[in-house]
Amino acid sequence: MSKTADKELDGLDKQAQNRIRAALRELENDPFQPRPKADIKKLHKMSRHQFYRLSIGNYRAIYAVEGTEVKVTKMICS
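So for the sequence shown, the working numbering puts the first residue at 4; every next one is plus one.
Just so you know, the hints here were simulated from the structure itself, not pulled from any lab data.
All values reported here derive from a predicted model rather than from experimental measurement.
In this text, a Cβ means the ideal position worked out from N, Cα and C, and glycines have one as well.
Here are the simulated BS3-like cross-link-like pairs (lysine-lysine), alpha carbons at most 30 angstroms apart as the crow flies:
| hint | residue 1 | residue 2 |
| --- | --- | --- |
| 1 | Lys40 | Lys10 |
| 2 | Lys45 | Lys6 |
| 3 | Lys44 | Lys77 |
| 4 | Lys44 | Lys10 |
| 5 | Lys17 | Lys44 |
| 6 | Lys40 | Lys17 |
| 7 | Lys74 | Lys45 |
| 8 | Lys6 | Lys48 |
| 9 | Lys77 | Lys48 |
| 10 | Lys74 | Lys48 |
Pairwise CB distance ranges, derived in the manner of DEER restraints:
| hint | residue 1 | residue 2 | range |
| --- | --- | --- | --- |
| 11 | Gln18 | Asp42 | 14 to 24 angstroms |
| 12 | Gly60 | Asp9 | 11 to 21 angstroms |
| 13 | Arg51 | Asp16 | 27 to 37 angstroms |
| 14 | Arg51 | Asn21 | 24 to 34 angstroms |
| 15 | Lys17 | Arg51 | 31 to 41 angstroms |
| 16 | Gly70 | Leu46 | 10 to 20 angstroms |
| 17 | His47 | Lys17 | 32 to 42 angstroms |
| 18 | Gly70 | Pro37 | 16 to 26 angstroms |
| 19 | Ile79 | Asn21 | 13 to 23 angstroms |
| 20 | Ser81 | Pro39 | 13 to 23 angstroms |
| 21 | Lys40 | Val68 | 15 to 25 angstroms |
| 22 | Lys17 | Lys48 | 33 to 43 angstroms |
| 23 | Ser50 | Gln18 | 28 to 38 angstroms |
With the sequences and hints as input, model every part of the structure.
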């Protein structure tokens, strides 16, 4: 997780943090498969990485997959 995304996540209430962290942990198993209460959408390719958006309630995590590693770059509250 990027420092920016980690800071954004730390600024949320504990319940939201726990729900988001659980959804992010599930990305380790399959970062491309949508799941209940955590929708995944492929975004337009930017630079050399393909980015994805993970929706978790009112929150969005923007991430890229590099090999076997998932890198969260941004957290957004909608």
